[in-house]
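Modelling step: build the complete structure from the supplied sequences, incorporating the hints.
In order, the protein sequences belong to chains A and B. So the first sequence is numbered by my numbering: it starts at 1 and just counts up by one. So the second sequence is numbered by my numbering: it starts at 1 and just counts up by one.
Worth flagging that the hints you see were computed from the coordinates, not collected in a lab. Note that the structure is predicted; figures quoted are calculated from it, not measured. The reader is advised that the hints may include incorrect statements.
Derived DSS-like pairs (lysine-lysine); straight-line CA-CA distance at most 25 Å [stated by the list, open to error]:
(1) A:201 <-> A:190
(2) A:256 <-> A:119
(3) A:89 <-> A:119
(4) A:190 <-> B:93
(5) B:93 <-> A:202
(6) A:540 <-> A:202
(7) A:202 <-> A:190
(8) A:540 <-> B:93
(9) A:540 <-> A:201
(10) A:201 <-> B:93
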Amino acid sequence: MFNNFRLSMAWLHTWFGLVMGFVLMVVFFFGALSVFDREIDRWAIPQTRFEPQPMPSFDRMLRPIFQSMQPDAANVEQARSRVNGPMAKEFPVKSWGAYTTHRDPVLGIFAGFELPNAKDPEDTVWGLRTVDPRNGQTLPDDHLKIGSQFFYPLHYSLNLNWMNLGIWIVGFAALIMLVALVSGVVMHRKIFRELFTFRPKKHTQRSALDLHNLTGVVALPFHFIFAFSGLVIFGATYYFPVTHTQLHALHELHEKHEAEETGLPHERAGVAGPLASVDAMVAEAQRRWAEAGKAGDVGFLNVQHVGDANSYVSIYRAGTDRIALVGDGIHFKGATGEVLRVDPPLTAVASVNTFLTGLHLQHFRHWLLRWLYVLGGLSGCVCIATGFIFFVEKRKRQHARQGASGARWVDGFAVATVTGMVVAALAMLIANRLLPEQMPAGWAGKGDWERYAFWGAWVLAFLHGLWRTAPVAQARMAPAWREQCWAIAVLAVAAVLLNWVTTGDHLLRTIGAGYWPVAGLDLAILASAAIAVLAARRLKRRADASPLADAAQDPAHQGSAGRHPETARA
Amino acid sequence: MPEALLYTLALGASTVGLAWLALSMDVHWEQVRGERDPLPRPTAVRLRWLGAAFLAASLALCIAVDHPSMASLVWCMSLAGGALAVAFTLTWKARWLRPLVGWAGRGGAA
Numbered sequence: 001m002f003n004n005f006r007l008s009m010a011w012l013h014t015w016f017g018l019v020m021g022f023v024l025m026v027v028f029f030f031g032a033l034s035v036f037d038r039e040i041d042r043w044a045i046p047q048t049r050f051e052p053q054p055m056p057s058f059d060r061m062l063r064p065i066f067q068s069m070q071p072d073a074a075n076v077e078q079a080r081s082r083v084n085g086p087m088a089k090e091f092p093v094k095s096w097g098a099y100t101t102h103r104d105p106v107l108g109i110f111a112g113f114e115l116p117n118a119k120d121p122e123d124t125v126w127g128l129r130t131v132d133p134r135n136g137q138t139l140p141d142d143h144l145k146i147g148s149q150f151f152y153p154l155h156y157s158l159n160l161n162w163m164n165l166g167i168w169i170v171g172f173a174a175l176i177m178l179v180a181l182v183s184g185v186v187m188h189r190k191i192f193r194e195l196f197t198f199r200p201k202k203h204t205q206r207s208a209l210d211l212h213n214l215t216g217v218v219a220l221p222f223h224f225i226f227a228f229s230g231l232v233i234f235g236a237t238y239y240f241p242v243t244h245t246q247l248h249a250l251h252e253l254h255e256k257h258e259a260e261e262t263g264l265p266h267e268r269a270g271v272a273g274p275l276a277s278v279d280a281m282v283a284e285a286q287r288r289w290a291e292a293g294k295a296g297d298v299g300f301l302n303v304q305h306v307g308d309a310n311s312y313v314s315i316y317r318a319g320t321d322r323i324a325l326v327g328d329g330i331h332f333k334g335a336t337g338e339v340l341r342v343d344p345p346l347t348a349v350a351s352v353n354t355f356l357t358g359l360h361l362q363h364f365r366h367w368l369l370r371w372l373y374v375l376g377g378l379s380g381c382v383c384i385a386t387g388f389i390f391f392v393e394k395r396k397r398q399h400a401r402q403g404a405s406g407a408r409w410v411d412g413f414a415v416a417t418v419t420g421m422v423v424a425a426l427a428m429l430i431a432n433r434l435l436p437e438q439m440p441a442g443w444a445g446k447g448d449w450e451r452y453a454f455w456g457a458w459v460l461a462f463l464h465g466l467w468r469t470a471p472v473a474q475a476r477m478a479p480a481w482r483e484q485c486w487a488i489a490v491l492a493v494a495a496v497l498l499n500w501v502t503t504g505d506h507l508l509r510t511i512g513a514g515y516w517p518v519a520g521l522d523l524a525i526l527a528s529a530a531i532a533v534l535a536a537r538r539l540k541r542r543a544d545a546s547p548l549a550d551a552a553q554d555p556a557h558q559g560s561a562g563r564h565p566e567t568a569r570a
Numbered sequence: 001m002p003e004a005l006l007y008t009l010a011l012g013a014s015t016v017g018l019a020w021l022a023l024s025m026d027v028h029w030e031q032v033r034g035e036r037d038p039l040p041r042p043t044a045v046r047l048r049w050l051g052a053a054f055l056a057a058s059l060a061l062c063i064a065v066d067h068p069s070m071a072s073l074v075w076c077m078s079l080a081g082g083a084l085a086v087a088f089t090l091t092w093k094a095r096w097l098r099p100l101v102g103w104a105g106r107g108g109a110a
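Given below as structure tokens:
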């Protein structure tokens, strides 16, 4: 089929890269935003704009809140198909958990409840709350944490939850990412000689390829490790779910054996039992961490078999000071507070695994590295976007001559995934600032409307992209790119202004007070506006400089559509 | 804030090191020094050693602030950032890199 290995790699890179590139663009962009997901939450929920808080007292504050919790109505509704017969009215509590990080002013807590008459006896329904640790007040449940509950899941699941479809698509895209990186390196004949090369004054096809190579190669370790560690994180749970499918019985047995070994009861005893002071257990855990030279705060606290004689409490350390995602868990008997188990040191394999997981999930406190990750993510976006542009530029003249519309469709999709995605994210932030705190009775919650704004804006951007890329079919530049850049600029400025108007937090105030979660996001949004204006003006200048000159400039590549990009250019 | 200073130095060392590595290539040397002043071979070798030394210094600075596991990530990402900065400087403001090779005399007298 191909004359040599390099050509076969080029085919692989071009076509798999093109198709999965649209998914990867979403993954990279929202991955870059997820680096600051907690900060985006602050922007979107102004009541939570205060300093991060440590885990509050369990005995005094959290326990009464947990005791008042019930499963969320939506969660129960979703579970309706998982029970035999009618849905129960009462749900016995199974577990309580509280989770915080060094970037969270508010505390997320969750309670797991038994699902009576469930088809799977271990099935659970969940109740979630968000607590202000300063006073124990709970926040309204319908306020969407746009960063951590929308942009972040978009990064790994596309928010397509049916049958975990999104997670599978993203996993396949990550696999293709690895393939694209390897095949890209094989194709690239001047990887060192052109490492620093970007020639914007050459024609679009050449400069797009320069930028594609530049952003792909300089951040190659980042791209590779993040695609790989992403697959590792979901590997055992989703991509190779043998323990939950073929080996289900063995898995259950293993859990029981493990419980015997660790002394942490697998089942409830069925006898009611008290819960000793959890605060005393936290103090003991912190004393032991400090003794081991790892003094730290509590990141995650879990009470298993709540209310039962077999109840136990697990306390995990917040991993702010290391890459590896380890909890150094210490487990206590609920009834007495005696230590049942201290997690043993990690094996070599587990150390590698926690390092890979930790470097991707970033629980550490390191602002420089966070920003460098954003740079890595955005350079991935530039790499993919310039890949699309190269694809279109290389083929549009030939397609125009043949009357084919392939290049135009690709350009339309590219507009929707590159600029359209930014438009959608900004529309969501604007909706967040414009919608009232409480939606009228009978309407969907505020969070739902924010989601509609996001998807609605994206659909509009896609339709606009398809419509305004028509000139590509005549081998000219699409005005869609320029117009959506202007849309980004307008929406971005509007978002920052609306933040000011609705909360009083303008940049002078947030920077003056050193409140970087909000100031940083406002500045980043304004920077996007500036880049969008610059891009729009350049595109206009290029379009005005005679649309056909571009085509006439380099006739040599016109017959090279099926050839390798590098050989075509050589 | 010594930490911030060390990070700044580490990022700076990465960028300067990569700039020297770039300048050890004919095409980038010419962007900075002009076509009439070709790159002598000994200068190219010296630039490569200097570049490598500065990248090593950058790694040492990263390790001085953070645990080696964290430092390796910061260093690796600083290379990506530095390389982008060098590439774009060469594209738009190549002359800014002149001071880095000011010591390498004209006509190959390096």
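Taking the hints in turn, this is what the structure says about them:
| no. | hint | verdict |
| --- | --- | --- |
| 1 | A:201 <-> A:190 | holds (20 Å) |
| 2 | A:256 <-> A:119 | holds (21 Å) |
| 3 | A:89 <-> A:119 | holds (17 Å) |
| 4 | A:190 <-> B:93 | holds (23 Å) |
| 5 | B:93 <-> A:202 | holds (17 Å) |
| 6 | A:540 <-> A:202 | holds (17 Å) |
| 7 | A:202 <-> A:190 | holds (18 Å) |
| 8 | A:540 <-> B:93 | holds (23 Å) |
| 9 | A:540 <-> A:201 | holds (15 Å) |
| 10 | A:201 <-> B:93 | holds (14 Å) |
When each numbered hint is compared with the structure, no violation occurs for any of them.
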